[in-house]
Amino acid sequence: MKKLKYFLTSALIIVLIIPAIAQEETSDTTAATLSKIMSDLEILKRIKITGYFQAQFQYADSSGMNSFGGGSFPAFTDKRISLRRGRIKSTYTSNDALTNAVFQIDATERGIVVNDVRLKFTDPWIQWFSLQAGLQDRPFGFEVTYSSSMSETPERGRMSQIIFPNERDLGAELIIQGPKTGNWNWLKVEAGIFNGSGAPSATSSAAEFDKYKDFISRITASRTTINQKYKYSIGFSYYDGGYRTDNDTSFKSGTDASGIEGFIIDKTNLKNKKVNRNYAGADMQFTFESPAGITTLRAEYIQGRQPALSSTTAFATSAPVSNVYFRKFNGAYFYFIQNIASTPLQAVIKYDWYDPNTDAKGDELGKVLTGGKVYSATDVRYDTWGFGITWLWDSNLKFMAYYDFIKNETSANLSGYTKDLKDNLFTLRIQYKF
Amino acid sequence: MKNLNRKLLIALCIFTGINSGINAQTKITIKGSDTCLPLVQKEAEKFMKSNKGQTITVIGGGSGVGIAALMDGTTDIAMSSRALKMDEKLKMQEAGKALKTAIIAYDALSVIINPANKVDNLTREQLDGIFTGKIKNWKEVGGEDMKIIVYSRETSSGTYEFFKEKVLMNKNYASDALMMPATGAIIQSISQTKGAVGYVGLAYVDASVKEIKVSFDKGKTFTPSSYENAKNKSYPIVRPLFLFYTNKAEAAAKPFIDYVLSAEGQKTVKDVGYIDVSK
Numbered sequence: 001m002k003k004l005k006y007f008l009t010s011a012l013i014i015v016l017i018i019p020a021i022a023q024e025e026t027s028d029t030t031a032a033t034l035s036k037i038m039s040d041l042e043i044l045k046r047i048k049i050t051g052y053f054q055a056q057f058q059y060a061d062s063s064g065m066n067s068f069g070g071g072s073f074p075a076f077t078d079k080r081i082s083l084r085r086g087r088i089k090s091t092y093t094s095n096d097a098l099t100n101a102v103f104q105i106d107a108t109e110r111g112i113v114v115n116d117v118r119l120k121f122t123d124p125w126i127q128w129f130s131l132q133a134g135l136q137d138r139p140f141g142f143e144v145t146y147s148s149s150m151s152e153t154p155e156r157g158r159m160s161q162i163i164f165p166n167e168r169d170l171g172a173e174l175i176i177q178g179p180k181t182g183n184w185n186w187l188k189v190e191a192g193i194f195n196g197s198g199a200p201s202a203t204s205s206a207a208e209f210d211k212y213k214d215f216i217s218r219i220t221a222s223r224t225t226i227n228q229k230y231k232y233s234i235g236f237s238y239y240d241g242g243y244r245t246d247n248d249t250s251f252k253s254g255t256d257a258s259g260i261e262g263f264i265i266d267k268t269n270l271k272n273k274k275v276n277r278n279y280a281g282a283d284m285q286f287t288f289e290s291p292a293g294i295t296t297l298r299a300e301y302i303q304g305r306q307p308a309l310s311s312t313t314a315f316a317t318s319a320p321v322s323n324v325y326f327r328k329f330n331g332a333y334f335y336f337i338q339n340i341a342s343t344p345l346q347a348v349i350k351y352d353w354y355d356p357n358t359d360a361k362g363d364e365l366g367k368v369l370t371g372g373k374v375y376s377a378t379d380v381r382y383d384t385w386g387f388g389i390t391w392l393w394d395s396n397l398k399f400m401a402y403y404d405f406i407k408n409e410t411s412a413n414l415s416g417y418t419k420d421l422k423d424n425l426f427t428l429r430i431q432y433k434f
Numbered sequence: 001m002k003n004l005n006r007k008l009l010i011a012l013c014i015f016t017g018i019n020s021g022i023n024a025q026t027k028i029t030i031k032g033s034d035t036c037l038p039l040v041q042k043e044a045e046k047f048m049k050s051n052k053g054q055t056i057t058v059i060g061g062g063s064g065v066g067i068a069a070l071m072d073g074t075t076d077i078a079m080s081s082r083a084l085k086m087d088e089k090l091k092m093q094e095a096g097k098a099l100k101t102a103i104i105a106y107d108a109l110s111v112i113i114n115p116a117n118k119v120d121n122l123t124r125e126q127l128d129g130i131f132t133g134k135i136k137n138w139k140e141v142g143g144e145d146m147k148i149i150v151y152s153r154e155t156s157s158g159t160y161e162f163f164k165e166k167v168l169m170n171k172n173y174a175s176d177a178l179m180m181p182a183t184g185a186i187i188q189s190i191s192q193t194k195g196a197v198g199y200v201g202l203a204y205v206d207a208s209v210k211e212i213k214v215s216f217d218k219g220k221t222f223t224p225s226s227y228e229n230a231k232n233k234s235y236p237i238v239r240p241l242f243l244f245y246t247n248k249a250e251a252a253a254k255p256f257i258d259y260v261l262s263a264e265g266q267k268t269v270k271d272v273g274y275i276d277v278s279k
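Protein sequence lines, in the order shown, are assigned to chains L and A. The first sequence lines up with residues 1 to 434 when you count with this note's numbering. The second sequence lines up with residues 1 to 279 when you count with this note's numbering.
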């Protein structure tokens with residue numbers, strides 16, 4: 001009996017106490033491991049990897065047509081499948097959220113291009129002032145700075161693509177904006193100095209080629225009503241810059257002795273001097289909610305003076321060796337975006353125009369003048385109507401079908417532009433964002 | 001050995017059988033407002049009792065946290081003590097999520113001070129001045145010469161947003177306001193600090209703090225927060241409490257929401273200290 005008692009007591013000790021000791025040790029180890037995991041997690045939370053891929057099928061109105069819907073079509077080609085964008089972005093934000101660094105690439109079948117390499121520092125005292133430097137978006141206008149992954153249409157308008165190709169440039173900017181919880185967070189002022197030669201692309205290194213720097217600034221105000229039913233914003237942008245030319249001669253719009261419009265000589269001693277570019281723009285957005293769904297109206301107007309070449313109105317990525325042409329331009333776009341009630345469908349109608357030379361009108365294009373240069377295809381105005389529908393599958397995936405009706409200015413005197421070109425475009429796109 | 005293998009096989013069958021049984025149960029996660037938390041927890045307990053096989057997990061964190069979780073797909077239902085902001089609606093839209101809304105209760109926000117403070121009444125304009133930092137001493141509103149110490153909920157809280165919109169007319173809180181992570185912390189701090197003022201849900205008010213009567217008609221009438229005054233709309237600082245869910249989660253969420261809105265669920269609303277939605 002004694003033996004049995006001894007045995008039962010020993011068994012009880014083994015069953016109750018030993019597991020308790022073991023549990024205590026396990027609990028200490030678990031707490032330490034958990035603490036280490038939490039600490040590692042905090043560090044990992046500072047690094048964010050995001051990105052999006054856009055694959056698309058396009059059907060062009062004619063083979064080999066020029067297009068701003070993801071690049072011109074190769075000869076004999078009117079249908080294509082392409083990877084429009086393949087963005088991978090990594091962001092590191094410090095623990096106090098006052099500094100961050102961004103690195104973004106675009107990897108497609110055309111190669112790998114660096115899109116963003118920038119850092120941002122916010123003052124730790126009142127957190128109103130931030131300095132951002134590196135390869136970054138130019139702070140001009142709404143469309144240029146609006147992410148392609150968020151865009152309701154496949155591409156930015158023709159004007160944005162010509163005036164600000166690849167959207168980015170090398171520079172440094174000061175951002176003034178009150179903290180998120182402050183009374184003045186709705187107002188934002190950005191001003192910066194940039195190279196002016198744009199971002200690198202598959203065809204251009206975008207290295208600086210002169211001593212001149214461009215000043216870009218933007219002020220935006222954005223508010224939502226107290227009942228959270230209406231949101232509105234307005235913005236004004238200004239660009240003052242220029243670049244060195246390797247040619248003596250520049251042309252501007254004018255008339256010859258018999259009154260024929262075209263380009264006439266402006267200056268003849270320009271070599272190694274600066275040619276100025278100036279733009280100003282205004283934009284607005286208005287979003288409201290109704291039983292039909294959330295509606296957004298968006299508009300932007302830009303005008304300015306662009307020094308470029310006879311063959312293009314895009315800015316130079318190297319000092320021009322041929323004549324410089326000064327053109328006064330303007331352009332605008334209008335969006336109507338309607339989310340259809342509580343469905344995941346979003347409809348969009350967009351109208352935009354780009355007039356690269358507001359002095360060149362209709363039959364003046366291509367008319368030969370004495371002692372000057374004719375207005376050419378480069379000076380033709382384009383008006384584009386776009387209609388699209390997007391199926392927002394979830395926060396990652398969306399499908400977009402979009403059709404561009406493109407109408408060009410015609411002239412009886414300009415060969416190839418006596419009637420509207422066959423350059424409409426259908427795009428079917430799938431986007432995955434993560 | 002053969003016998004052992006057979007036993008292992010049987011054990012495996014039983015284990016997987018139990019697991020598949022568990023998986024067949026409906027599991028719902030509800031995340032968000034700390035104001036809604038005690039109510040929704042109670043409702044969930046009662047719902048699970050009468051609906052075997054239903055598992056509901058309720059987690060707090062603030063209205064903003066719940067809404068963000070709904071966008072991310074990490075919760076089935078978001079609890080919120082404020083309506084959705086326009087930016088949140090746009091994000092939901094971007095994610096292709098059609099949102100359903102249910103108002104499950106109303107909550108009166110009580111303005112509270114330390115019991116030693118002699119002030120009894122405050123107008124909306126005076127509250128605006130106090131919480132935005134323009135009024136810094138109790139003597140400016142008829143009290144004794146004593147510094148005002150403002151307590152508020154933190155920015156992710158729906159209560160913070162609602163008080164800012166309704167009482168401060170969207171102006172920002174005083175820069176020296178003390179932001180507290182939970183309602184309980186506000187009650188405790190105010191009960192221990194003579195010059196303190198703050199706001200909490202009616203259900204949280206206890207004898208350790210003193211409630212202020214408020215006026216939204218420039219001092220003509222001062223009303224205390226109470227179930228009756230909130231129900232007859234004579235008390236002005238009343239907000240709806242929401243449950244948000246997406247179309248995709250409707251099948252799982254709807255039975256619970258129907259239960260909360262039922263007579264039994266609304267009785268729980270009253271028992272917990274909130275205002276029921278029945279007329």
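No lab work stands behind these hints, which were simulated from the structure alone. Positions of the beta carbon are idealized from the N, C-alpha and C atoms, including for glycine. Careful, some of the hints might be misleading.
Estimated spans, in silico, between C-beta atoms of each pair [what the hints assert, rightly or not]: (1) Ile-193/L <-> Lys-233/A: 54 to 60 Å; (2) Ile-219/L <-> Thr-74/A: 34 to 40 Å; (3) Lys-233/A <-> Ile-105/L: 31 to 37 Å; (4) Ala-172/L <-> Asp-120/A: 53 to 59 Å; (5) Thr-26/A <-> Gly-134/L: 46 to 52 Å; (6) Lys-233/A <-> Leu-428/L: 22 to 28 Å; (7) Asp-120/A <-> Ser-90/L: 55 to 61 Å.
Identify every previously stated hint that the structure contradicts and give their numbers, smallest first.
Per hint list: 3 and 6 violated.
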